[in-house]
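Each residue of the sequence shown is one higher than the one before, starting from 7 at the first, in our numbering.
Quick caveat, the hints were computed from the structure, so don't treat them as lab data.
In this text, all values refer to a predicted model and were calculated from it rather than measured experimentally.
Do not rely on the hints blindly, as some may be mistaken.
[What the hints assert, rightly or not] Simulated restraints on C-beta separations:
hint : residue 1 : residue 2 : range
1    : Leu-210   : Pro-70    : 38 to 48 angstroms
2    : Leu-128   : Thr-182   : 55 to 65 angstroms
3    : Thr-68    : Gly-122   : 40 to 50 angstroms
4    : Pro-70    : Ile-197   : 27 to 37 angstroms
5    : Pro-114   : Val-186   : 19 to 29 angstroms
6    : Ala-209   : Leu-67    : 25 to 35 angstroms
7    : Thr-8     : Arg-133   : 27 to 37 angstroms
8    : Leu-177   : Leu-132   : 45 to 55 angstroms
C-beta atoms are modelled at their ideal positions from N, C-alpha and C, and glycine is treated no differently.
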Amino acid sequence: MTGFLDYTSGNVDALLQATLEHTVLVLQGLGLAVLIGLPLAALTYRARSRTAVLAVAGVFLTIPSYALFGLLITPLGLGTAPSVVALTLYAFLPVLRNAIVGLREIDPAVVESARGMGLSRLQVLLRVELPLALPVIITGLRVAAQMLLGIAAIAAAVNGPGLGNLILQGLSSAGTPFAVYLTLQGVLGIIVLAILFDLLFAALNRLTTSRGMIHV
Numbered sequence: 007m008t009g010f011l012d013y014t015s016g017n018v019d020a021l022l023q024a025t026l027e028h029t030v031l032v033l034q035g036l037g038l039a040v041l042i043g044l045p046l047a048a049l050t051y052r053a054r055s056r057t058a059v060l061a062v063a064g065v066f067l068t069i070p071s072y073a074l075f076g077l078l079i080t081p082l083g084l085g086t087a088p089s090v091v092a093l094t095l096y097a098f099l100p101v102l103r104n105a106i107v108g109l110r111e112i113d114p115a116v117v118e119s120a121r122g123m124g125l126s127r128l129q130v131l132l133r134v135e136l137p138l139a140l141p142v143i144i145t146g147l148r149v150a151a152q153m154l155l156g157i158a159a160i161a162a163a164v165n166g167p168g169l170g171n172l173i174l175q176g177l178s179s180a181g182t183p184f185a186v187y188l189t190l191q192g193v194l195g196i197i198v199l200a201i202l203f204d205l206l207f208a209a210l211n212r213l214t215t216s217r218g219m220i221h222v
């Protein structure tokens, strides 16, 4: 344990840099999934097509991580681009599904009351439905973020950024004195990020649930 701590103290800058890169990579994938998933949920949550849309989104989760990252090399090359696209595809289903569930669970009487006050369809969506569905949507983001934190380590296989590079370096240098240390740094870094992300989304969920209850 002492050896690991000594080694970590000697390359703490590289560890922090990899941790920051990992965080940014996950946020990029999650952000794009939200930008695509929320509008799509708003368009389909009342339509029969939502089943087909969810089925297509679910297909992405069946593709093995290494295979998806590898397939994206041909159109996107190596580095950050295929990494972000892969994470977006993996986050798409939990974001989309929870947004649809949250919107469909809203009491129709609340929507009708808002329409009766003269609000347009878009105003009802933005001012009533989305705020009330926000706790369920954030739960989807929480699930997606936890999943992406682990999958993002695979980005190292396509020269992507993040803590996966420490894990890959450790595995590729198996048998050397510092191989285990490098791997542990990457794994523990992801675990710490997972805890921090979970705490953040738990806090957001409490805040939005309170606001929703007050609004209703």
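These are the hints, each one checked on the structure:
1. Leu-210 / Pro-70: 38 to 48 angstroms: Because 31 angstroms falls outside the window, the suggested range is violated.
2. Leu-128 / Thr-182: 55 to 65 angstroms: At 60 angstroms between Cβs, range holds.
3. Thr-68 / Gly-122: 40 to 50 angstroms: holds, 44 angstroms
4. Pro-70 / Ile-197: 27 to 37 angstroms: Since the Cβ atoms of Pro-70 and Ile-197 sit about 23 angstroms apart, the hinted range of 27 to 37 angstroms is violated.
5. Pro-114 / Val-186: 19 to 29 angstroms: violated, 58 angstroms
6. Ala-209 / Leu-67: 25 to 35 angstroms: Check passed, 27 angstroms falls within 25 to 35 angstroms.
7. Thr-8 / Arg-133: 27 to 37 angstroms: violated, 58 angstroms
8. Leu-177 / Leu-132: 45 to 55 angstroms: Taking Cβ atoms as reference, Leu-177 and Leu-132 lie about 48 angstroms apart, which means the hint holds.
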